[in-house]
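Undergrad: Here are the chains, one letter per residue:
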Amino acid sequence: MKRPLTKNIIVNQMPFDLVAYERAGGYQTVRQSLGKIDPDAVLAAVVDSGLGGCGGGGFPTGRKWQAMPSVATRPGPRYFIVNADEMEPGTFKDRLLLEGDPHQLIEGIILSAYAVQANHAYVFIRGEYHRAIALMEQAIGEAEAAGLLGDNILGSGFNLIIHVHGGAGRYICGEETALLNSLEGRRAIPRSKPPLPMISGLFGAPTIVNNVETICNIPHIVANGAEWFRSLGRNGAAGTKIFGVSGRVNRPGTYELPMGTPMREMIEEHAGGMKPGYALRALLPGGASTGFMLENDLDTPMSFAAFAAKGNRLGTGTAIILDDKTCPVGFIANLQHFFAQESCGWCAPCRDGLPWVEQTLKSIEAGEGKLEDLDLLTEMTDTLAPGRTFCALAPGAMASLTTGLAYFRDEFERHIRDGECPWT
Amino acid sequence: MTAKSILTAAELDGIAALISHYPTARAACIDSLKLVQEKRRYIADDVLAEIAHLLGMSVAELDEVATFYNLIYRQPVGETVILLCDSVTCWMMGRNQVAADISKRLAIKDGETTADGKYTMLPIVCLGHCDHAPAMLMGKTLVGNVDAAQLDRLLPEARA
Ligand SMILES: Cc1cc2nc3c(=O)[nH]c(=O)nc-3n(C[C@H](O)[C@H](O)[C@H](O)COP(=O)(O)O)c2cc1C
Ligand code: SF4
Ligand code: FES
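Going line by line, the protein sequences match chains A and B. Position 271 (the first sequence) corresponds to 270 in numbering that gives the first Met the number 0; numbering is contiguous. Position 12 (the second sequence) corresponds to 11 in numbering that gives the first Met the number 0; numbering is contiguous.
Quick caveat, the hints were computed from the structure, so don't treat them as lab data. In this text the structure is predicted, and so the values were computed from the model without any measurement. Keep in mind that the hints are not guaranteed to be accurate.
For lysine to any residue, the following SDA-like pairs were computed, each having C-alpha atoms within a straight-line distance of at most 25 Å [as the list claims (entries may be wrong)]:
hint : chain 1 : residue 1 : chain 2 : residue 2
1    : A       : K6        : B       : K108
2    : B       : K108      : A       : K324
3    : A       : K324      : A       : P385
4    : B       : K139      : A       : K324
5    : B       : K33       : A       : L134
Ranges of calculated distance between the beta carbons of each label pair, as one might list FRET restraints [claimed, not checked]:
hint : chain 1 : residue 1 : chain 2 : residue 2 : range
6    : A       : R263      : B       : Q96       : 48 to 58 Å
7    : A       : G203      : B       : A15       : 36 to 46 Å
8    : B       : K3        : A       : L375      : 55 to 65 Å
9    : A       : W422      : B       : D109      : 39 to 49 Å
10   : B       : D45       : A       : G203      : 29 to 39 Å
11   : B       : R73       : A       : N158      : 48 to 58 Å
12   : B       : A15       : A       : T377      : 32 to 42 Å
13   : B       : D109      : A       : D409      : 26 to 36 Å
14   : A       : N158      : B       : A15       : 31 to 41 Å
15   : B       : R73       : A       : G203      : 22 to 32 Å
16   : B       : E156      : A       : S230      : 52 to 62 Å
17   : B       : D45       : A       : D37       : 33 to 43 Å
18   : B       : E111      : A       : G235      : 49 to 59 Å
19   : B       : T7        : A       : A43       : 36 to 46 Å
Selected chain A positions facing chain B (in silico; Cβ < 10 Å) [what the hints assert, rightly or not]:
hint : residue
20   : A71
21   : T72
22   : P76
23   : R125
24   : E127
25   : H129
26   : G184
27   : L283
28   : A287
The beta-carbon is built from N, C-alpha and C at its ideal position, and this holds for glycine as well.
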């Protein structure tokens with residue numbers, strides 16, 4: 000099985016330095032592309048590859064890049080930004096790529112920035128990722144010294160500087176327009192869309208924001224072609240993806256697998272199934288902003304399209320297992336605590352609604368719930384539905400609540416009736 | 000700057016270098032707060048005012064930013080800040096027990112600092128180490144599978 004994204008990564012070891020990375024074939028695409036093939040040819044390969052954004056949305060990367068106005072129509076600065084804010088509970092894939100193979104990300108940034116003709120790149124890494132920040136800065140220093148970054152890279156006439164920006168906390172920084180505000184030295188509050196960042200982004204200039212994993216795919220697409228990339232996937236999906244599992248499975252961790260691999264295969268074969276004494280009750284397929292999935296749905300291929308067809312989202316592709324000995328009400332209350340705390344406070348439904356949801360769940364947990372509370376919670380899932388709030392944080396929070404209320408109705412009612420938790 | 004600058008020469012040089020990475024001085028404000036906090040542990044009012052001045056921001060503008068981000072401390076914290084994850088996988092894998100254990104060893108609750116000024120304990124969102132839950136950051140070091148034996152090793156002066 001091919002695993003281009005993680006081929007250089009050996010867990011618990013220092014990542015490849017520039018020499019080792021180049022020995023393994025790294026930066027060949029940069030040497031062969033910059034100033035030798037048209038930026039549009041790189042862009043075309045990405046469009047044809049079918050690569051979807053790995054930040055959780057799956058939006059076609061090539062189409063996003065095409066939405067940027069041309070240099071001729073919009074002269075002036077253009078920015079390329081890598082979103083390494085990874086704070087979605089249950090998600091631990093970008094840290095692997097940042098710490099495991101920083102030069103792969105740099106190679107991806109150079110090619111991507113070349114394709115969209117951006118001369119400034121920022122990597123926005125969450126502040127808690129101290130090791131990732133240090134390793135990225137070190138690798139950027141090596142690449143600069145080797146002439147792979149800076150002015151007139153390898154004599155191609157193309158200039159690029161990359162700056163690592165370490166964040167200072169807050170989940171909302173991962174929302175791409177809030178990230179832009181944070182990079183400008185402001186509170187991380189989302190901006191209204193339109194205009195999209197491709198048109199008016201950082202400092203008002205055309206800007207692309209992509210996830211770490213999305214960009215790590217670019218060198219492989221450029222090196223091997225769109226056709227090859229598509230052939231890596233299964234069940235109609237393209238490429239590979241870093242999936243993951245946490246919770247009570249035998250081997251929690253990350254697994255690079257073909258996009259479209261059935262969820263069951265990852266959990267049972269790669270993660271070794273449930274720990275002895277535990278059974279799977281449900282799971283969140285891709286972080287805290289996705290909806291619950293039950294055992295009878297486990298054969299769903301892990302692709303953005305297959306999950307969308309089920310009314311759910313693949314999200315970040317790192318699953319969280321809810322086992323039969325963990326209380327679903329407590330699990331959901333924990334998720335809602337996260338969202339209430341991380342609401343940026345900009346729009347009223349989210350700022351006031353999420354704490355209300357949290358308090359209601361806490362009172363049910365504490366044995367003080369009433370049956371009407373369930374109606375209130377259901378109403379809130381509608382109040383905070385997609386399109387009703389300024390950004391996608393609140394609708395993301397509702398995904399697990401909506402599905403949780405539907406799947407665990409009995410458990411909620413039992414809590415309210417008995418006034419205590421049967422699992423603690 | 001004049002002789003009455005509170006910031007050290009190294010801090011002033013550091014901030015100047017940070018500004019060079021952005022088209023506006025203001026964009027370097029979060030980086031600057033972090034740089035200054037590195038040695039001082041927190042951002043005191045007079046320090047905040049001087050950074051604001053350096054970046055051409057009003058004090059209120061910079062405080063608005065400083066108080067938004069949870070990793071900028073506007074109050075003194077201990078030498079080492081312990082950030083214990085309270086997100087869902089760590090919760091499921093026993094972080095509340097670990098929190099109680101740390102509390103007992105250090106005789107502090109969330110948000111408090113030990114009397115000797117060595118440790119501050121705070122909850123934090125998912126640290127991206129969920130496959131080794133429960134996880135925490137001790138200073139800049141990420142620790143996974145936190146349990147009593149790990150705490151014996153990491154907090155030797157405060158064995159349970
Ligand atoms: C509340 C919130 C948090 C987000 N956090 C992240 C994040 O940490 N990393 C990320 O890549 N995308 C995150 N996103 C998605 C980004 O807004 C954006 O869609 C993504 O970075 C685009 O990159 P992609 O197309 O390569 O996926 C978040 C979105 C929302 C609404
Ligand atoms: S939905 Fe929540 S996080 Fe998003 S803008 Fe509104 S208050 Fe902020
Ligand atoms: S939930 Fe604690 S590290 Fe992810």
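Undergrad: Give a verdict on every hint.
TA: Against the structure, the hints come out as follows:
1. A/K6 to B/K108: violated, 44 Å
2. B/K108 to A/K324: violated, 28 Å
3. A/K324 to A/P385: violated, 32 Å
4. B/K139 to A/K324: violated, 34 Å
5. B/K33 to A/L134: Measuring from Cα to Cα gives roughly 18 Å; hence the hint holds.
6. A/R263 to B/Q96: 48 to 58 Å: violated, 32 Å
7. A/G203 to B/A15: 36 to 46 Å: violated, 25 Å
8. B/K3 to A/L375: 55 to 65 Å: holds, 57 Å
9. A/W422 to B/D109: 39 to 49 Å: violated, 24 Å
10. B/D45 to A/G203: 29 to 39 Å: holds, 34 Å
11. B/R73 to A/N158: 48 to 58 Å: violated, 39 Å
12. B/A15 to A/T377: 32 to 42 Å: Once the Cβ atoms are compared, 55 Å apart, the range 32 to 42 Å for A/T377 and B/A15 is violated.
13. B/D109 to A/D409: 26 to 36 Å: holds, 34 Å
14. A/N158 to B/A15: 31 to 41 Å: violated, 23 Å
15. B/R73 to A/G203: 22 to 32 Å: holds, 31 Å
16. B/E156 to A/S230: 52 to 62 Å: holds, 58 Å
17. B/D45 to A/D37: 33 to 43 Å: violated, 55 Å
18. B/E111 to A/G235: 49 to 59 Å: holds, 54 Å
19. B/T7 to A/A43: 36 to 46 Å: Distance hint for B/T7, A/A43 is violated at roughly 52 Å.
20. A71: violated, 22 Å
21. T72: violated, 21 Å
22. P76: holds, 7 Å
23. R125: holds, 8 Å
24. E127: holds, 6 Å
25. H129: holds, 4 Å
26. G184: With a minimum Cβ separation of about 4 Å from chain B (threshold 10 Å), the hint on A/G184 holds.
27. L283: This interface hint holds because 8 Å falls under the 10 Å limit.
28. A287: This interface hint holds because 6 Å falls under the 10 Å limit.
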